[in-house]
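For reference, the chains in residue letters:
Protein chains: 2
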Amino acid sequence: MFDLILVRYGEVALKGRFTRKRFEDKLIRNIDYALRLEGIRFSLGRERGRVFVYTKSIEKGIDVLRKIFGIVSISPATEVLADMDAMKERALEMMRIRGRDINSFAIRVSRTGSHDFTSQDVAIEVGEKVKKDLGLQVHLEEPDLELHIEVRGKRAFLFFEKIKGPGGLPMGTQGRVASIIRNELDLLALWYMLKRGCSARIVSFIPREKLDGFLRKWYAGIEVEVVDELDRCMDGAMAIVTGERMENLDLDMERRFDLPVLRPLIHLPDEEVERKMEEIVV
Amino acid sequence: MFDLILVRYGEVALKGRFTRKRFEDKLIRNIDYALRLEGIRFSLGRERGRVFVYTKSIEKGIDVLRKIFGIVSISPATEVLADMDAMKERALEMMRIRGRDINSFAIRVSRTGSHDFTSQDVAIEVGEKVKKDLGLQVHLEEPDLELHIEVRGKRAFLFFEKIKGPGGLPMGTQGRVASIIRNELDLLALWYMLKRGCSARIVSFIPREKLDGFLRKWYAGIEVEVVDELDRCMDGAMAIVTGERMENLDLDMERRFDLPVLRPLIHLPDEEVERKMEEIVV
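Residue numbers (the working numbering), protein chains in the order written: chain A, 1 to 282; chain B, 1 to 282.
Treat each hint with caution, since some may be false.
No distinction is drawn between identical chains; accordingly, a pair holds when it is met within one copy or between any pair of copies.
Calculated pairs, DMTMM-like style, for lysine to aspartate or glutamate (alpha carbon to alpha carbon, straight line, at most 25 Å) [said to hold, decoys possible]:
1) 217 - 274
2) 67 - 274
3) 67 - 270
4) 88 - 141
5) 67 - 247
6) 131 - 25
7) 131 - 79
8) 154 - 89
9) 162 - 270
10) 21 - 270
11) 276 - 247
12) 164 - 247
13) 67 - 271
14) 164 - 272
15) 67 - 272
16) 162 - 274
17) 154 - 47
18) 164 - 274
If you are wondering where the hints come from, they were derived from the structure by calculation, not from laboratory data. Note that the structure is a prediction, hence the values are computed from the model and not measured.
All chains should be built: construct the whole structure from the sequences, respecting the hints.
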């Protein structure tokens, strides 16, 4: 039923035009890398505030995109011309499949661009068509199913759900950090900084398969380089990242390496560290 | 109905006997300070894993204790001898008042020490008494109301609810940090470190009433000293704390002050910073 995945990313952080462009380019590069790594065939489209992933592997694509930093939400969707009859017809097809075991529905419309109809016109006309042809009830407050129609210029995207992404900033949009991986806390700390847009060069002292599992799970290979030497790891880094907690603070590190040390876990409650660890570290 | 507040604190972090003692002493000192500051009359008791705040100002006391770092939960409670008849009688009194508009209840019992009854004996006997005298139904899975009986040696504590505290470690159990307050982000960063047990010496550049509001709200006066000079603020501090985010990182600070810099906000999502700000900063 779906032929693309609609990708939404955080716009709040994107003040200037230049920043936005750089952010989008990196996001697209990261998406491209991750999808290729999973052997998914796809093509990409982009538009202000949206990336479109056209693919036949919708389920697999969702699994990948929900782990890409910077993505706020995704929707498996289908695309038609922004024409009233086309939208009606496609909505009907979709509701015929997904609306089998429900009683009530609602059409939610958003629109950008200029058209000879309003959002409300679309909602009413499509709603009436579905109601009449499928015998379903319109229930605007608490429908069993919502069909979203996002009209953008000449095209309209139809979808049922918004799946949450990890948010944050695309890896590689901020500075590079040096990361010494001695344990899982260090991996978690690295994850937090990747999520804030950093890239990293790391030296690892944990089993290779654990590290690879982590890098693969978050498609971090594109922005995380593994090196052998501490010196190479520090070279050109803006700061060191470690998973130190209040109990095992090593405040001598700054001097030893002559670099600032970022300690994202320092103030987190034990429960949160444990919970995140299960979610994040393979 | 209540004559004391039962205070529970985090025990996980308290490995050794010495640490526990130091932690408890500090917690009690902080509780004492906060309650006095609010003009509440009280007396304190302590026992392994618990602090007892005896007071007539139960509501006000709860408002204070729920903002004291290190406290995991609190319960307005009443105390009787750990004697079956005494417990039955007190439970009945309490249920007579609180159980007016309910249909079902459950008695939850925990017990430490040696007694000639088990937890289950207490639950059954007290439950039957309440059931018979008040005509309420016992419903163990989904009761309308739960009455807890905590038997500890010669005493038993009866209460209905557990109210969450802020958790963390008592202020003053960890090292002292230097804090330069230029804006609300810096205040929030300070809060996170106080919650991890630090004390602080600060230099403030924000309006005095805003700072005082913050210090008062978190009863931080006891562990936060306000000074005029940057040098005095740094003196003897293990690290500097700032509210820097990824977008406004000042990685030169370490060198400028020759001290490590802790940046607890660096990796937090914008939404979380905003949410916390509303909750924490006055």
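Hint-by-hint comparison with the structure:
1. In this assembly of identical chains, the alpha carbons of residue 217 and residue 274 lie at most 25 Å apart only when taken from the same copy (18 Å versus 29 Å across copies).
2. In this assembly of identical chains, the alpha carbons of residue 67 and residue 274 lie at most 25 Å apart whether taken from the same copy (19 Å) or from different copies (24 Å).
3. Proximity of residue 67 and residue 270 under a CA criterion of 25 Å is satisfied in both settings, with 24 Å inside one chain copy and 19 Å between copies.
4. Only within a single protomer do residue 88 and residue 141 lie at most 25 Å apart by alpha-carbon distance; the minimum there is 22 Å, versus 49 Å between protomers.
5. Taking the shortest Cα distances, residue 67 and residue 247 sit within 25 Å of each other only across copies (23 Å), while inside one copy they are farther apart (31 Å).
6. In the homo-oligomer, the alpha carbons of residue 131 and residue 25 never lie at most 25 Å apart, since the shortest distance is 42 Å inside one protomer and 69 Å across protomers.
7. Only within a single protomer do residue 131 and residue 79 lie at most 25 Å apart by alpha-carbon distance; the minimum there is 22 Å, versus 63 Å between protomers.
8. In this assembly of identical chains, the alpha carbons of residue 154 and residue 89 lie at most 25 Å apart only when taken from the same copy (16 Å versus 76 Å across copies).
9. Taking identical chains as interchangeable, the C-alpha atoms of residue 162 and residue 270 lie at most 25 Å apart only when they sit on different chains, with a minimum of 20 Å there against 31 Å within one chain.
10. Within a single copy, residue 21 and residue 270 get their C-alpha atoms only as close as 38 Å, which misses the 25 Å cut-off; across copies the closest is 21 Å, which meets it.
11. Both within a single protomer and between protomers do residue 276 and residue 247 lie at most 25 Å apart by alpha-carbon distance, with minima of 19 Å and 24 Å respectively.
12. For the homomeric pair residue 164 and residue 247, the shortest alpha-carbon distance between copies (24 Å) is at most 25 Å, but the shortest distance inside one copy (34 Å) is not.
13. With identical chains, the CA atoms of residue 67 and residue 271 are at most 25 Å apart both within one copy (22 Å) and between copies (19 Å).
14. With identical chains, the CA atoms of residue 164 and residue 272 are at most 25 Å apart both within one copy (20 Å) and between copies (16 Å).
15. In this homomeric assembly, residue 67 and residue 272 come within 25 Å of each other (Cα to Cα) both inside a single copy, at 19 Å, and across copies, at 19 Å.
16. With identical chains, the CA atoms of residue 162 and residue 274 are at most 25 Å apart between copies only, with a shortest distance of 23 Å across copies and 28 Å within one.
17. Proximity of residue 154 to residue 47 under the C-alpha cut-off of 25 Å is restricted to the intra-copy arrangement: shortest distance 12 Å within a copy versus 72 Å between copies.
18. Both within a single protomer and between protomers do residue 164 and residue 274 lie at most 25 Å apart by alpha-carbon distance, with minima of 22 Å and 20 Å respectively.
The structure does not agree with numbered hint 6 stated previously, though it agrees with all others.
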